[in-house]
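A.B. asks: Sequence:
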Amino acid sequence: MSIPSAAPRGMPSLLRAARSTYARSVRRSLTSDGYDDVPRNGAFVLATGLDRSSATAVQDALGITKQAASQLIDTLVVRGYLERHPHPSDRRRTELELTDRGHGAAAAVRRGVGSVEHELAHHLSAQARGELRAALGLLADLGGPGSAAQSAPQEQPVRLMRVAPVFPVTDVERSLEHYATLGFRVEPYPDGGYGFGQRDGVGIHFNAVPDLDPATNNNAVYLYVSDADALAAQWSSPGIGGETIPPVDTDYDMREGAHLDPDRNLIRFGAPLVRS
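Quick note on the numbering used here: the sequence shown kicks off at 483 and runs consecutively.
Wrong hints could be hidden among the right ones.
[Unchecked claim] Here are the in silico distance ranges between beta carbons for each label pair:
(1) Thr-503 - Asp-582: 24 to 32 Å
(2) Pro-696 - Val-559: 25 to 33 Å
(3) Arg-566 - Ala-608: 13 to 21 Å
(4) Arg-667 - Ser-708: 15 to 23 Å
(5) Glu-599 - Arg-566: 29 to 37 Å
(6) Glu-579 - Leu-620: 31 to 39 Å
(7) Val-645 - Thr-698: 19 to 27 Å
(8) Gln-609 - Glu-579: 33 to 41 Å
(9) Ala-622 - Tyr-706: 22 to 30 Å
(10) Ile-727 - Asn-689: 51 to 59 Å
[What the hints assert, rightly or not] Taking lysine to aspartate or glutamate pairs in the EDC-like style, the calculated list, with each CA pair at most 20 Å apart, reads:
(11) Lys-548 - Glu-579
(12) Lys-548 - Asp-515
(13) Lys-548 - Glu-565
Quick caveat, the hints were computed from the structure, so don't treat them as lab data. We put the CB at the ideal spot given by N, CA and C, even for glycine.
The whole structure should be built from the sequences, with the hints applied where relevant.
C.D. replies: Next comes the structure, spelled out in structure tokens:
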């Protein structure tokens with residue numbers, strides 16, 4: 483039995499509408515069972531046999547980028563639907579597993595899908611439904627295996643470049659002079675209330691806080707260096723100012739020292755211990 487339509491529609495439009503029919507039914511089922519926070523595409527992950535699988539399997543199944551798959555999995559983990567576990571045969575990999583809440587949501591998804599299938603059975607015979615499934619399978623395969631994933635736009639991951647602390651100082655000009663003696667190239671900003679110093683790609687910002695009490699200043703930064711002793715020697719030279727604390731070995735295999743500038747901003751520096 484055919485379902486009348488107001489006007490002929492193209493295949494892409496029909497496929498989108500059919501997908502929406504399933505999506506609405508699944509969303510109603512999830513909401514009625516208390517799983518209304520399942521994200522878009524999350525229902526597919528929960529109910530299509532991806533339990534005990536990997537992020538790569540999710541990426542391939544959905545035809546999305548690695549970043550999008552990772553974000554989806556993170557959301558499902560945070561909301562209590564999935565758990566990550568070490569892979570039993572490769573400790574470098576993780577395996578996804580449905581939680582109890584995930585199994586409950588998966589059952590709700592299947593009921594939503596089943597509701598559409600039940601309604602469809604009132605309009606199409608078993609043979610017609612089989613032919614429809616075969617036609618859709620053929621259409622899905624026309625692009626070749628993995629074509630959906632390959633055609634998905636490749637999102638460029640955001641790279642964090644560097645971080646620079648902002649030290650409060652009572653006098654920007656004095657601080658810039660001090661950090662110049664530490665080997666930093668310094669630059670005052672035009673308004674005089676801000677400055678910047680850089681050495682070997684490491685940057686520090688200086689913000690004027692005239693009422694700063696150095697005795698209560700707890701600002702600090704950790705600086706990884708190639709040679710803690712050599713740096714301590716440089717920063718302990720006559721005329722440097724501030725206070726340099728000689729490096730010592732730590733129980734976590736670092737050799738660490740520190741420097742306090744005139745406003746008691748702390749630069750803790752360290753280098754990995756070389757064991758003989």
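A.B. asks: Indicate, hint by hint, whether the structure satisfies it.
C.D. replies: Here is what the structure says about each hint:
no.	hint	verdict
1	Thr-503 - Asp-582: 24 to 32 Å	holds, 29 Å
2	Pro-696 - Val-559: 25 to 33 Å	violated, 45 Å
3	Arg-566 - Ala-608: 13 to 21 Å	violated, 41 Å
4	Arg-667 - Ser-708: 15 to 23 Å	holds, 19 Å
5	Glu-599 - Arg-566: 29 to 37 Å	holds, 32 Å
6	Glu-579 - Leu-620: 31 to 39 Å	holds, 34 Å
7	Val-645 - Thr-698: 19 to 27 Å	holds, 24 Å
8	Gln-609 - Glu-579: 33 to 41 Å	holds, 39 Å
9	Ala-622 - Tyr-706: 22 to 30 Å	violated, 51 Å
10	Ile-727 - Asn-689: 51 to 59 Å	violated, 25 Å
11	Lys-548 - Glu-579	holds, 19 Å
12	Lys-548 - Asp-515	violated, 30 Å
13	Lys-548 - Glu-565	holds, 18 Å
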